[in-house]
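J.: Sequence:
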Amino acid sequence: MSTLAEKVNLLKSAFPKLIVEHTEFRGQTTLVINSGSDLLKICHFLKHQLGFEMLLDLTAVDNLETSPRWMLVYHLWNIKENCMLRLRISTNEDPPTFPTVSHIWPASNWLEREVYDMFGIRFQGHPDLRRILMWDEYPWHPMRKDFPLAGRSWQGSNGLFTEPAPLEGGPFHILPGHHPSEPRAHPQQ
1 MSTLAEKVNL LKSAFPKLIV EHTEFRGQTT LVINSGSDLL KICHFLKHQL
51 GFEMLLDLTA VDNLETSPRW MLVYHLWNIK ENCMLRLRIS TNEDPPTFPT
101 VSHIWPASNW LEREVYDMFG IRFQGHPDLR RILMWDEYPW HPMRKDFPLA
151 GRSWQGSNGL FTEPAPLEGG PFHILPGHHP SEPRAHPQQ
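Residues in the sequence shown are numbered from 1 upward in steps of one, following the working numbering.
Note that these hints are calculated values from the structure, not bench results.
All figures in this text were calculated on a predicted structure; none of them were measured in a lab.
Quick reminder that beta carbons are idealized off the backbone N, C-alpha and C, glycines included.
Pairwise CB distance ranges, derived in the manner of DEER restraints:
{"no.": "1", "residue 1": "5", "residue 2": "122", "range": "29 to 37 Å"}
{"no.": "2", "residue 1": "20", "residue 2": "53", "range": "19 to 27 Å"}
{"no.": "3", "residue 1": "35", "residue 2": "150", "range": "35 to 43 Å"}
{"no.": "4", "residue 1": "61", "residue 2": "110", "range": "15 to 23 Å"}
{"no.": "5", "residue 1": "20", "residue 2": "125", "range": "19 to 27 Å"}
{"no.": "6", "residue 1": "147", "residue 2": "16", "range": "35 to 43 Å"}
{"no.": "7", "residue 1": "5", "residue 2": "148", "range": "43 to 51 Å"}
{"no.": "8", "residue 1": "26", "residue 2": "106", "range": "24 to 32 Å"}
Kindly produce the complete structure, drawing on both the sequences and the hints.
T.: Right, here's the structure in full:
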């Protein structure tokens with residue numbers, strides 16, 4: 001049994017040039033990786049060598065005004081030794097793209113779909129990358145900081161018009177007392 005600090009040191013010695021930052025704050029450990037191409041090597045090592053068997057959460061951050069703009073944050077848990085590690089990775093790519101970790105942690109399948117749906121971040125190699133919350137024809141990604149809350153303006157023949165962003169609706173509606181299955185929960189044929 002080793003401490004989290006020992007695990008972090010093992011990871012840093014295995015990948016000395018790939019981890020660019022290591023911070024500790026209020027008992028939380030965060031490691032920053034320098035590029036997406038190294039993500040899979042580090043995640044595989046974290047799971048199979050250091051025992052971080054559970055992906056608790058995956059989220060994204062849109063830093064619209066700063067560089068790099070896009071950041072992914074993985075929260076990993078070592079169940080046997082009761083320790084958590086946060087892993088961050090950033091990119092300026094447009095469109096933003098990262099490799100999928102769904103073959104390492106199957107729980108990331110829906111989490112990556114949610115990040116794609118809300119932020120437009122693509123995951124290379126994902127087995128089923130499609131929207132999970134918004135309908136397929138929805139033109140925007142609602143968690144982006146450039147999401148048009150006031151709608152989009154366009155010049156018509158009679159002047160300037162604003163088309164509001166569609167914030168409600170979708171392909172299905174649930175009636176009171178009726179609980180149909182969400183169609184996106186089932187694989188497409």
